[in-house]
Amino acid sequence: MTADAPTARPPRRSVPRRRPPRPAPRPVLIVLHQEHSTPGRVGRLLQARGHALDIRKPRYGDPLPETMRDHAGAVIFGGPMSANDPDDFVKAEIDWINICLKEEAPYLGICLGAQMLARTLGGRVYTHPEGRAEVGYYGLDLTDHGRAHAVEAGFDWPATVYQWHREGFDCPPGAECLATGGDFPIQAIRSGPRAYGVQFHPEVTPAMMCRWSVRGHERTLMPGAQLRHLHLEGWYQHDPAIRRWLDGFLDHWLAAETDPA
2 MTADAPTARP
12 PRRSVPRRRP
22 PRPAPRPVLI
32 VLHQEHSTPG
42 RVGRLLQARG
52 HALDIRKPRY
62 GDPLPETMRD
72 HAGAVIFGGP
82 MSANDPDDFV
92 KAEIDWINIC
102 LKEEAPYLGI
112 CLGAQMLART
122 LGGRVYTHPE
132 GRAEVGYYGL
142 DLTDHGRAHA
152 VEAGFDWPAT
162 VYQWHREGFD
172 CPPGAECLAT
182 GGDFPIQAIR
192 SGPRAYGVQF
202 HPEVTPAMMC
212 RWSVRGHERT
222 LMPGAQLRHL
232 HLEGWYQHDP
242 AIRRWLDGFL
252 DHWLAAETDP
262 A
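The number in my numbering is simply the position in the sequence shown, starting from 1, with 1 added.
To be clear, the hints were calculated from the coordinates, so they are not data collected in a lab. Glycine included, every Cβ here is placed at the ideal spot set by N, Cα and C. There could be a bad hint or two in this list.
Stated by the list, open to error - Simulated pairs of lysine to any residue, SDA-like, Cα-Cα distance not exceeding 20 Å:
1. K58 to K92
2. K92 to E67
3. K58 to Q35
4. K58 to P40
5. K103 to P173
6. K103 to L65
7. K92 to E131
8. K103 to R70
9. K58 to D96
10. K58 to N99
11. K92 to D63
12. K103 to G41
13. K58 to G41
As the list claims (entries may be wrong) - So the derived label-pair ranges between C-beta atoms look like this:
14. A149 to E104: 16 to 26 Å
15. D89 to R244: 34 to 44 Å
16. A25 to Y237: 17 to 27 Å
17. Q238 to H218: 14 to 24 Å
18. Y237 to K103: 38 to 48 Å
19. E219 to D88: 29 to 39 Å
20. A49 to P87: 15 to 25 Å
21. P66 to L233: 32 to 42 Å
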């Protein structure tokens, strides 16, 4: 009598290992300078990427963090004041940018925020000697550094951008000039791997444009400025390229936050 053959065991099913859930993106610090200011399209696109907005207004007493460890990046927006003003909150913001530079945290300065970055790095902020302003849409030219950066980052810079300023800044020591313009030659800079300053306003929406050009109507009458109706015409012509640039720029700017470990 023969022994029964051993019962064959069913093959083991491999159970896929569950990856631990990725942590939620850290918030982005948003610094605004007027009571009813908003981060506009920049804020909306950051939220679409999963980032909460930590909005602070040092002008009205809000403190700035002592470290950027709890934030994915910081954006300082524009405002009617000057980076040369003696106000305590202006000086405090300029000094605070050193934290971003020291920790190599993503920093984006828009208009006033770019001028503050220049001041932090030892650059000059100035008014035009002939009292000219850039208010409306103006051309943007890339430098060799800017072209190399576009290839590195994988996006194209817009050829025409929306401006609202009557002060400019020199390219500070140690920074790279990425783009130039007309009456105010320095339009975009980078310091180190993750700190940027742009003179133009990629955050602007049609509602913001209408509000600025009504409440600040006198700015549209300054030498070099464009009248209000030209702003809205320029929006339809130039904004699609600005939107594409901003999408690509934010992805590049936040890459260290979103890349898997």
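Verification of the hints:
Restraint check for K58 and K92: the C-alpha separation of about 14 Å stays at or below 20 Å, so the hint holds. For the hint pairing K92 with E67, the CA-to-CA distance comes to about 16 Å; that is within 20 Å, so the pair holds. For the proposed pair K58 and Q35, the alpha carbon gap of about 8 Å is at most 20 Å, so the pair holds. The hinted pair formed by K58 and P40 meets the criterion: a straight-line CA distance of about 12 Å does not exceed 20 Å.
Distance check on the hinted pair: K103 and P173 sit about 16 Å apart at the alpha-carbon level, within 20 Å; holds. Straight-line distance between C-alpha atoms of K103 and L65 comes to about 15 Å, which keeps the hinted pair within the 20 Å bound. For the given pair, K92 sits about 27 Å from E131 by alpha-carbon distance, which is inconsistent with the 20 Å threshold. A C-alpha spacing of about 12 Å is found between K103 and R70, which places the hinted pair at or below 20 Å, so the restraint holds.
Distance check on the hinted pair: K58 and D96 sit about 15 Å apart at the alpha-carbon level, within 20 Å; holds. Between K58 and N99, the direct Cα distance comes to roughly 18 Å. Compliance with the 20 Å bound is thereby established for this hinted pair. Between K92 and D63, the direct Cα distance comes to roughly 14 Å. Compliance with the 20 Å bound is thereby established for this hinted pair. Of the pairs offered as hints, the one joining K103 and G41 is violated, with about 28 Å between alpha carbons and a cut-off of 20 Å exceeded.
Restraint check for K58 and G41: the C-alpha separation of about 15 Å stays at or below 20 Å, so the hint holds. As the Cβ distance of A149 to E104 is approximately 25 Å, the hint placing it in 16 to 26 Å holds. The beta-carbon spacing between D89 and R244, approximately 36 Å, falls within the hinted interval of 34 to 44 Å. Take A25 and Y237: their Cβ atoms lie about 37 Å apart, and the range 17 to 27 Å is violated.
Checked against the hint of 14 to 24 Å, the pair Q238 and H218 passes, with Cβ atoms roughly 22 Å apart. The hinted window of 38 to 48 Å between Y237 and K103 holds, with their beta carbons roughly 42 Å apart. A hinted range of 29 to 39 Å is violated for the C-beta pair E219 and D88, which are about 22 Å apart. Checking the proposed 15 to 25 Å range against A49 and P87 shows it is violated: the Cβ atoms sit about 38 Å from each other.
Taking 32 to 42 Å as the suggested C-beta distance range, the pair P66 and L233 conforms, at roughly 38 Å.
Violation of the numbered hints given earlier is confined to hints 7, 12, 16, 19, 20; the remaining hints are satisfied by the structure.
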